[in-house]
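Could you build the full structure based on these sequences and the hints that come with them?
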Amino acid sequence: MTMVVSERAVAMSTQTWTVAEAKAKFSEVVEKARLSGPQTITKNGRPAVVVVSAEEWDRKTHRPGKLAAFFAESPLRGSGLKAPRKKRGLRAIDL
1 MTMVVSERAV AMSTQTWTVA EAKAKFSEVV EKARLSGPQT ITKNGRPAVV
51 VVSAEEWDRK THRPGKLAAF FAESPLRGSG LKAPRKKRGL RAIDL
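Using my numbering, read the sequence shown as starting at 1 and increasing by one per residue.
One should not assume that every hint holds.
Said to hold, decoys possible - Below are the DSSO-like pairs computed for lysine-lysine, each with C-alpha atoms no more than 30 Å apart in a straight line:
(1) 23 - 60
(2) 60 - 25
(3) 60 - 32
(4) 60 - 87
Derived from the structure by calculation, the hints contain no laboratory data.
Below is the structure:
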C-alpha cells in the first residue's frame, strides 16, 4: 500500500518532547523544527516552550507595512463612520 502525504501536512507535523528528550536529542529537535514544523517541549507534563525554524519565526513576527499606512488605506477612511466613546472617568486600581 502506498500512502501519499501532502507537502503541507508534512510541513506542519508537530512533535512533543520532554525536556530530557529534547536535551538528549537537541540536534534532532532543531532539524525537525526546520523540516517538519514547530516542536513542543514539555516540563512536568505541561507545554513549556516551542522550537520553530528561523524562517517560521521571521514569517510570524514580521509585520508588513506600518500601522499608519494601514489606516490611511482603509476603505472606511472618509466614510463619516463615527465610533461613540463613553467617558466613565478613572478606573479604580487595586494595589
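A quick look at each hint next to the structure:
1. 23 - 60: holds, 25 Å
2. 60 - 25: Roughly 26 Å separates the two Cα atoms, so the pair holds.
3. 60 - 32: holds, 18 Å
4. 60 - 87: Judged against 30 Å, a Cα distance of about 36 Å means the pair is violated.
In summary, the structure is inconsistent with hint 4 from the numbered list given earlier, while agreeing with all the others.
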